[in-house]
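Undergrad: Sequence:
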Amino acid sequence: MLTPNRTLMGQYVGSRAGSDLRDTINHQGHANLLIATGASQFEVLAELAKQPDIDWSRVTGFHLDEYVGLNADHPASFCRYLRERFVDLVPLREFHFIDGMSEPSSTIEQLSTRLSEHPIDVALVGIGENGHLAFNDPPADFETEEPYLHVKLDQKCREQQVGEGWFESFESVPETAISMSIQQILKSRKIYCSVPDSQKAEAVAATIQDDVTPNVPASILKTHDKCILIIDEASSSSLTSKVRDQLDRFGFE
Numbered sequence: 001m002l003t004p005n006r007t008l009m010g011q012y013v014g015s016r017a018g019s020d021l022r023d024t025i026n027h028q029g030h031a032n033l034l035i036a037t038g039a040s041q042f043e044v045l046a047e048l049a050k051q052p053d054i055d056w057s058r059v060t061g062f063h064l065d066e067y068v069g070l071n072a073d074h075p076a077s078f079c080r081y082l083r084e085r086f087v088d089l090v091p092l093r094e095f096h097f098i099d100g101m102s103e104p105s106s107t108i109e110q111l112s113t114r115l116s117e118h119p120i121d122v123a124l125v126g127i128g129e130n131g132h133l134a135f136n137d138p139p140a141d142f143e144t145e146e147p148y149l150h151v152k153l154d155q156k157c158r159e160q161q162v163g164e165g166w167f168e169s170f171e172s173v174p175e176t177a178i179s180m181s182i183q184q185i186l187k188s189r190k191i192y193c194s195v196p197d198s199q200k201a202e203a204v205a206a207t208i209q210d211d212v213t214p215n216v217p218a219s220i221l222k223t224h225d226k227c228i229l230i231i232d233e234a235s236s237s238s239l240t241s242k243v244r245d246q247l248d249r250f251g252f253e
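Heads up: the sequence shown begins at 1 in my numbering, then just goes up one per residue.
Keep in mind the hints are simulated off the structure, nothing from the lab. There may be inaccurate statements among the hints.
Said to hold, decoys possible - Straight line, CA to CA, 25 Å or less: simulated SDA-like cross-link-like pairs of lysine to any residue:
hint: 1; residue 1: Lys222; residue 2: Ser238
hint: 2; residue 1: Lys152; residue 2: Glu168
hint: 3; residue 1: Lys222; residue 2: Gln11
hint: 4; residue 1: Lys187; residue 2: Glu143
hint: 5; residue 1: Lys226; residue 2: Val243
hint: 6; residue 1: Lys226; residue 2: Pro138
hint: 7; residue 1: Lys226; residue 2: Gln51
hint: 8; residue 1: Lys50; residue 2: Leu92
hint: 9; residue 1: Lys222; residue 2: Asp20
hint: 10; residue 1: Lys156; residue 2: Ala201
hint: 11; residue 1: Lys190; residue 2: Ala46
hint: 12; residue 1: Lys152; residue 2: Ser112
hint: 13; residue 1: Lys242; residue 2: Asp225
hint: 14; residue 1: Lys50; residue 2: Asp20
hint: 15; residue 1: Lys190; residue 2: His96
hint: 16; residue 1: Lys187; residue 2: Glu94
hint: 17; residue 1: Lys156; residue 2: Glu143
hint: 18; residue 1: Lys187; residue 2: Ser15
hint: 19; residue 1: Lys152; residue 2: Glu109
Unchecked claim - Have a look at the derived ranges for each label pair, beta carbon to beta carbon:
hint: 20; residue 1: Thr176; residue 2: Asn215; range: 19 to 29 Å
hint: 21; residue 1: Arg249; residue 2: Ser106; range: 44 to 54 Å
hint: 22; residue 1: Lys50; residue 2: Thr176; range: 30 to 40 Å
Note that CB positions come from ideal geometry on N, CA and C, so glycine has one too.
The task is simple: from the sequences and hints, build the whole structure.
TA: Quick look at the structure:
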């Protein structure tokens with residue numbers, strides 16, 4: 001889906017995800033939601049939080065990834081981001097944060113147990129400038145079935161965090177994180193992948209136009225039959241004209 005800008009992207013994804021949650025609750029009595037963070041999700045979460053007629057008391061939320069060793073009150077903490085931008089705004093049944101200050105293996109074990117009891121119905125994700133999906137930097141592990149992983153962040157990923165203003169310097173960006181694995185993300189029933197802005201243009205082009213490869217982790221989304229990639233004019237700028245002509249346009253899907 002090609003949208004003119006990130007504002008319309010947020011409206012599209014937020015309203016679609018809200019509709020999916022309502023339908024899932026009506027069908028099975030509850031729903032499980034996976035949420036990413038970062039600049040790509042600002043408008044998405046703002047729109048989803050104001051969607052009408054969602055019984056949030058029947059929704060369980062899960063956290064996609066978090067830095068290891070970063071206090072939950074740090075300005076760059078994804079726990080803080082999620083509290084301020086979504087979790088404190090809607091009365092969820094519960095939300096399972098990733099505790100970056102706890103011992104990683106213990107945190108992963110606890111999250112994996114909870115996730116096994118709550119298969120994800122709707123996933124909101126993005127793509128990094130290096131093509132990563134969650135914090136699965138290239139070359140990503142496409143094989144492991146472990147739900148969450150303790151991963152090392154590559155240089156381009158850490159540079160992106162500084163470039164987006166989350167950290168003052170490269171040295172202050174944590175070197176590792178806890179991330180949902182590729183295979184676990186793919187188990188989500190429906191995936192919305194939002195990718196705005198020109199900084200992501202090369203990653204978007206590689207995701208769409210290259211073969212599925214661990215060197216472009218997000219490329220594996222092409223194997224999921226209910227994944228929608230939503231990009232804007234800026235992030236689509238490196239696509240070939242032939243590929244752009246094949247994209248569904250906002251309002252004409």
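Undergrad: Hint by hint, say whether it matches the structure.
TA: Status of the hints after comparison with the structure:
Among the hinted pairs, lysine 222 with serine 238 is consistent with the structure: their alpha-carbon atoms are about 18 Å apart, no more than 25 Å. Note on lysine 152 and glutamate 168: the hinted pairing holds, with a Cα-Cα distance of about 20 Å set against a maximum of 25 Å. For a cut-off of 25 Å, the pair hint linking lysine 222 to glutamine 11 stands: about 23 Å separates their Cα positions. Note on lysine 187 and glutamate 143: the hinted pairing holds, with a Cα-Cα distance of about 13 Å set against a maximum of 25 Å.
A C-alpha spacing of about 20 Å is found between lysine 226 and valine 243, which places the hinted pair at or below 25 Å, so the restraint holds. With a CA separation close to 23 Å, the supplied pair lysine 226 and proline 138 stays within the 25 Å bound. Our distance criterion of 25 Å between C-alpha atoms is met by lysine 226 and glutamine 51, whose separation comes to about 22 Å. For a cut-off of 25 Å, the pair hint linking lysine 50 to leucine 92 stands: about 13 Å separates their Cα positions.
Taking the CA atoms of lysine 222 and aspartate 20, the gap is near 20 Å; set against the 25 Å cutoff, the hint holds. This hinted pair checks out: lysine 156 and alanine 201 have alpha carbons roughly 15 Å apart, not beyond 25 Å. Under the criterion of a C-alpha separation no larger than 25 Å, the hint pairing lysine 190 with alanine 46 is consistent with the structure, at around 19 Å. As the CA atoms of lysine 152 and serine 112 are separated by approximately 19 Å, the hinted pair is consistent with the 25 Å bound.
At most 25 Å may separate the alpha-carbon atoms for a hinted pair to count; lysine 242 and aspartate 225 meet this at roughly 22 Å. As the CA atoms of lysine 50 and aspartate 20 are separated by approximately 14 Å, the hinted pair is consistent with the 25 Å bound. Annotation: proposed proximity of lysine 190 to histidine 96 holds, straight-line Cα distance about 19 Å (limit 25 Å). About 21 Å separates the Cα atoms of lysine 187 and glutamate 94, which keeps this hinted pair within 25 Å; it holds.
As the CA atoms of lysine 156 and glutamate 143 are separated by approximately 23 Å, the hinted pair is consistent with the 25 Å bound. Note on lysine 187 and serine 15: the hinted pairing holds, with a Cα-Cα distance of about 22 Å set against a maximum of 25 Å. Between lysine 152 and glutamate 109, the direct Cα distance comes to roughly 18 Å. Compliance with the 25 Å bound is thereby established for this hinted pair. Taken as a hint, the range 19 to 29 Å holds for the pair threonine 176 and asparagine 215, whose Cβ atoms sit roughly 20 Å apart.
Checking the proposed 44 to 54 Å range against arginine 249 and serine 106 shows it holds: the Cβ atoms sit about 47 Å from each other. Under the hint 30 to 40 Å, the C-beta atoms of lysine 50 and threonine 176, about 35 Å apart, fit the expected range.
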